[in-house]
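Novice: If you're matching them up, the sequences are chains A and B in order.
So the first sequence is numbered by my numbering: it starts at 28 and just counts up by one.
So the second sequence is numbered by my numbering: it starts at 7 and just counts up by one.
None of these hints come from the bench; they were simulated from the model.
Bear in mind that the values here come from a model prediction, so they are computed numbers and not experimental data.
Using N, Cα and C, we set each Cβ at its ideal position, and we do this for glycine too.
Just to be clear, a hint being listed does not mean it is correct.
Simulated DEER-style distance windows between Cβ atoms [claimed, not checked]: (1) Val19/B with His259/A: 47 to 57 Å; (2) Ser204/A with Thr29/B: 41 to 51 Å; (3) Lys250/A with Leu189/B: 28 to 38 Å; (4) Arg118/A with Leu136/B: 54 to 64 Å; (5) Asn119/B with Lys250/A: 35 to 45 Å.
Which bits of chain A does chain B cover? Going by a derived footprint, with three or more residues having C-beta under 8 Å, they are [said to hold, decoys possible]: (6) 72-78; (7) 151-162; (8) 215-224.
As a plain string of letters, each chain reads:
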Amino acid sequence: MNFTGTSQSSLLRPDAACSARDGDARPQQTPQVKLQAVDLNFYYGAFQALRDVSLTVHANRVTSFIGPSGCGKSTFLRTLNRMYETVPRTRAEGQVLLDGENIFEMEVAWLRRRVGMVFQRSNPFPKSIFDNVAYGLRINGTKRKSVVSEAVEESLQRAALWTEVKDKLHASAYDLSGGQQQRLCIARALAVNPEILLLDEPCSALDPIATAKIEELLFDLKKQCTIAIVTHNMQQAARVADYTGFFLLGQLVEFDETPVIFQRPSRKETEDYVTGRFG
Amino acid sequence: MPNLWQRRKVVNVAMLSLTAVFTVATIGILLFILGYLFWNGARSLNWNFFTKLPVPVGETGGGMANAIVGSAKVLALATLIGVPIGFLGGVYLSEFGGKSFSSVVRYMTDLLNGVPSIVIGIFAYALIVLRMKHFSAFAGGFALGIMMIPIALRSTEEFLHSVPVALREGAMALGASKSQAILTVVIPAAVRGIVSGIMLDLARVAGETAPLLFTALSNQFWSPGWNHPVATLPVFIFTYAISPYPDWHQQAWAAGFVLLTLVLVVNVIARLFLSKGFSHAPR
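Please work from the sequences and hints to get the whole structure.
Specialist: As C-alpha cells, this is what we get:
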C-alpha cells in the first residue's frame, strides 16, 4: 500500500507549491524551501514507525502535522532535530536536508541550535526564569552579561511573556502558570535564534485561553523563523498552519496547503479523518 | 446474619488494637532509648567533656575532647573516600550504564551494603594496618569510607533517576551535550536529594564501632596527623562502658548522648533540606 500519491508531488517542487491565493496575512511571493525530507524511514528496534516520508517545509511558514495517535507525526518531528537519538535502538534512514545540507551528517549540537524544539508538556528547568532563557546561550559559550540579559529580554518579548515576568526574572520558573511555563519554554528555544522551531503538541496540556495566546504567538514568530507543529487538534491546525500533512500508520497520506487538506482533500483517508469519521 | 456481623466486628476491633499496640511499642522503644540516654547522659555532661583529655581512673574532671576531634577526623576522611566513589558511580549507573550492567552493579552494591561492618574492619585491618604495622586514623577512615560507598551510590542514582526525562530532553534540544545536560540541569535538579542522602549516610557510619576497634583503635591523648591510633566516640563508649569504674560509666553515658544528638541533628537537617528541596523540584 502506497499512500504517497500525486497530491504531494507538486509540493516537492517549491516553485509550484504556493499558487495564487487570497490569504491576507500571507506574503505573495514564492516561499523558499527550508527543510526537505526525502524517503525518510524510521525504526524503533524492529518496528518501523515511518515509511518513505517525503515532504518540504517552507521558510517563514507554519507547517502542521496531524493524524491519529501513534501515526508517526511526533516521531517525524523528532527526527528533524535528531531528538530520537536519546532513545536507545532507534534508527533513521533516508535524508533530511536543512538548507540543502543533510542533517544526519551534521554535528548534532549545531543542528539542535538551528532547529529548536518545544515539547508537549512544558519542561522549564528548576532554575530562575532568567536562567531558563539564558541556558541555551550559556552552554553555547555566550558569557558576557550584557549580551545574555539583552537576549533574555528580547526572547521573552518575542514569546509575549516579558510584561508578565519582567519584575520577577529571578523567581523560580515553577512559580509560573502552565501557559506561562510553555511560553517560557518557547522563549528559551528562541534565545539561541533557531531557524526552525518544532512544536510537539505544545497546547495539549493548556486551557483555551493559554492556547489562543500561543497560537497568536505563532503568527508573529513565523516572520522570523520557520515553524513545524504537531497537533491533535484539527481546528488548531486549520487556524495556524499554512501547510498541513496528514499521517496514518507511519505514512504521509497527504500533504498540501491547509485549506486544501481541510476542504477538498484528494485522499479518502484524509477526508475521513478531517471530517471526524475516525481518529 | 447478625451472628457473622458480630464476629466480624470483634475480629476487627481485636486486630486494630493489636496493630495499634505494636505501633506504640515501636515508638515507645525509641522514646525509651532517647529518654534513658538523655537522663543519664545529660547529667554526666559538662564543659570539661568537650575540652579536656581523658584522665586516669580516680581523678575527676576529664573529658573526651580528643575522641570528638578524632571522630570528626575519621568521618571527614571517610566522606573524602566514600562520597566521590559513590557519587560518581551513581552518576554513571543512572546516566550512562547499560541496563544489564547497571543491574549487576546495583546488586553487588546492595551486597556490599549488607557486608557486616566487622568484616569490613578485618578487610581494612589486613589491607592497611598489617602493612603499615600500626593502627591509624587513616585505616579507620578507610574502613568507614568503604561502608559509605553503597548508600552514597544508591541515593545518588535514585535521585538522579527521579529527574524527569523531559528536563534532559529540554537541555539537549538546546544543543547541550549529554554531559553538559547532566552537569548543568540533571545534577542541580537532584542536588538536594543527593546531599541529604549523603548526610544520612554519614550519620549512619558515625556510630560504627566494630570496624574502628581494629583500625583506628583508640588513644588517650591527642593524635597528630593521620598515621597514629586515634580516639573516636563509639570506641570510647565501648571501652568506658565495659570498664568496672562508675566514673567511666558516667563518661560513656555522656559520650553516647553526644553521639546520638549529633546523629539526630544531622538526620533532621537532612530531612529539612530534602523537604525544602521539593518545593523547587520539578512537578
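Novice: Against this structure, judge whether each hint is valid.
Specialist: Now the hints, each set against the structure:
About 53 Å separates the C-beta atoms of Val19/B and His259/A, a value consistent with the hinted range of 47 to 57 Å. The hint said 41 to 51 Å for the Cβ distance between Ser204/A and Thr29/B, and at roughly 42 Å that hint holds. The supplied range of 28 to 38 Å is met by Lys250/A and Leu189/B, whose beta-carbon atoms lie about 36 Å from each other. With their beta carbons about 55 Å apart, Arg118/A and Leu136/B fall inside the hinted range of 54 to 64 Å.
Separated by about 59 Å at the C-beta atoms, Asn119/B and Lys250/A break the suggested range of 35 to 45 Å. By the rule of at least three residues with a Cβ nearer than 8 Å to a Cβ of chain B, the coverage given for the region 72-78 of chain A is violated, with 0 such residues. With 5 residues having a beta carbon nearer than 8 Å to a beta carbon of chain B, the region 151-162 of chain A meets the requirement of three or more and the stated coverage holds. Only residues whose C-beta sits within less than 8 Å of a C-beta in chain B count toward coverage, and the region 215-224 of chain A has 3 of them, enough to reach three; the restraint holds.
In this structure, the earlier hints numbered 5, 6 are contradicted, and the remaining ones agree with it.
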